[in-house]
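Given the structure of chain A, go ahead and fit chain B onto it with the hints provided.
Respectively, the protein sequence lines represent chains A and B. Heads up: the first sequence begins at 66 in the numbering used here, then just goes up one per residue. Heads up: the second sequence begins at 66 in the numbering used here, then just goes up one per residue.
Everything labelled a hint here was simulated from the structure, so no lab data went into it. Be careful, since some hints might not be right.
One copy or two, it doesn't matter: identical chains are merged, so the pair holds either way.
Straight-line C-alpha distance at most 27 Å; calculated DSS-like pairs for lysine-lysine [said to hold, decoys possible]:
{"hint": "1", "residue 1": "K67", "residue 2": "K192"}
{"hint": "2", "residue 1": "K165", "residue 2": "K385"}
{"hint": "3", "residue 1": "K354", "residue 2": "K275"}
{"hint": "4", "residue 1": "K195", "residue 2": "K143"}
{"hint": "5", "residue 1": "K165", "residue 2": "K195"}
{"hint": "6", "residue 1": "K306", "residue 2": "K358"}
{"hint": "7", "residue 1": "K358", "residue 2": "K275"}
{"hint": "8", "residue 1": "K275", "residue 2": "K299"}
{"hint": "9", "residue 1": "K143", "residue 2": "K354"}
{"hint": "10", "residue 1": "K292", "residue 2": "K385"}
{"hint": "11", "residue 1": "K143", "residue 2": "K358"}
{"hint": "12", "residue 1": "K67", "residue 2": "K354"}
{"hint": "13", "residue 1": "K195", "residue 2": "K299"}
{"hint": "14", "residue 1": "K385", "residue 2": "K195"}
{"hint": "15", "residue 1": "K143", "residue 2": "K306"}
{"hint": "16", "residue 1": "K306", "residue 2": "K385"}
2 protein chains.
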Amino acid sequence: MKELVAGIDIGGTGTKFGLTDRDGNVLISNSIRTNARESFDTYLAELHAGIESALAQVGDGYQVVGIGVGAPNGNYFKGTIDDAPNLRWRGILHFIEEFKAYYDVPMALTNDANAAALGEMLFGAAKGMKDFVVITLGTGLGSGFVVNGQVLYGYDGFAGEVGHVIVDINGRECGCGRQGCLETYVSAPGIVRTVQEMLGWSKSDSALRKICYDDLTAATIAEFAQKGDPVALKAFDFTAKTLGIKLADMVAHTSPEAIFLFGGLANAGDLLFEPVRRYTEEFMLNLYKNRVKILPSAIGEQNAAILGAAALIWHDMDSKNEQSPQNISAC
Amino acid sequence: MKELVAGIDIGGTGTKFGLTDRDGNVLISNSIRTNARESFDTYLAELHAGIESALAQVGDGYQVVGIGVGAPNGNYFKGTIDDAPNLRWRGILHFIEEFKAYYDVPMALTNDANAAALGEMLFGAAKGMKDFVVITLGTGLGSGFVVNGQVLYGYDGFAGEVGHVIVDINGRECGCGRQGCLETYVSAPGIVRTVQEMLGWSKSDSALRKICYDDLTAATIAEFAQKGDPVALKAFDFTAKTLGIKLADMVAHTSPEAIFLFGGLANAGDLLFEPVRRYTEEFMLNLYKNRVKILPSAIGEQNAAILGAAALIWHDMDSKNEQSPQNISAC
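With the rest of the complex left out, here is chain A (with noise of 0.2 Å):
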């Protein structure tokens, strides 16, 4: 029987699922609403139903062999999701307690950026990588990092979080109840909002005067930046200077070898990537100038979520292989 393992990525609007193999080909992929459902029961049974489903589908000869997980908030030494803000079931659910009354095999959750992180350790651009971080610019700023091989998750499993981290404590509102952390910057909504204070502040002509806050996204900033509107491509400067000088205090706590920008912001290319390389050199300590690379993400978006969630199994499966007294040549 071929081993798959089957990947889960949890998102306040679907829930993506998928069966790869140990090569990190997804061989189908499927998806179901997230909060469609009143009961988390139920959730979990359609979800159930859908890898069913899927495993129907590759035909014989295979066998999972794990679940891993990606989730909103998710808690990797309990299994649970713990109050995610996007999710209509409040409180702690214990996703994995529950998911093994369909599937008898190891199952890991955590959340999505740590799941994103190990799949580009096992299957994207930080192959052979102990050390590098993958922030995810979305809809929020997500990240997670990998030290000496092994995802970073401190003493609660909640380590690796850098959208939080605070730029100008008089600064914007977050979400989170305090003002001024870096996703509420560097994001795609943290961009539109540059944009809106920008053209508060600045007397430049810009067609961006045009479009209200509702209708502005961070695409059509990049749009507009491309063509050489002054306002957007200020955005994009004050955007990558923010990141910038947040990401050198983070060279200077954890010393990666590589940062990897992923999603919808990082879509933007060298448009982003350019001066949040500028300027992280700037701000970052001489001891590490030169030295850590900042790259795109090797794993195409379509397929990252449920790669990385995959690749918590297939990582943890690698590991203890690696520690199995056959290897110790000692024995």
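The following block gives chain B in isolation, referenced to the frame of chain A:
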């Protein structure tokens, strides 16, 4: 033969060394001047003679089974001291390679704050903890991170740096050539600079107005604060707030169980700890609130550096014992 580990702490002025046992006792210690000799080789020869003399004094029945070194800009991966600004010898000093001429035992070298962190874990208040940070507040701000029971070295051995995260890119001039580094605010000289700025800014009566910059010390400021001097009190509050904001970022990155404050400025006790705890809580993301302990070190300052350096070796020996084949039940 009873096993001893030599701990060596290289400072800009003096090099302390001592012989330690596995229980954290320093059987004997001594020191030599660090920068007295023109040649690094002569310095090493003098250090060797000092250790031999100490060994002769502890009497028969002991052997040195390892040597641990804490050094400024200590590179753990290479066993070198890289361009330490406070040493007279320039460039890369191959300490371990050269010291192997004297002793054929395991040796390890790292910066003094990483060593302090291991010392705290093996012999101090971090016993049993696997995720914590030690911050030394002296003439600079040093720091060592332990994650999952191991020192966090990062890709190049230079992770765990908190002194040079940036408080304000337009802030105070730092010895590293940049502006606004945390240690320009939070360290013994940092609080002196804060008092100077406050004396200019405020109109408050303060006895500190009678002391010139060059004569002012952190200890004096603490003494005046204890007596209720308004500028001295405000300087401690500002120092604690500045540290608290950056500790909140550090908690987001690494989610430690505890943060230990150590060294000159930490001797101010509650004058520093109370507001640091309050501000760190205030600026931390909800996830981490009421969870991270901020504590004094439990290792006396007298022996901390030697015990920390020696802990490098004792910790390696413990780790190897844990991983040896006979400890793997499946074997």
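Flag every earlier hint the structure violates by its number, smallest first. The structure conflicts with hints 3, 5, 7, 10, 12, 13, 15 and 16, although it agrees with all the remaining ones.
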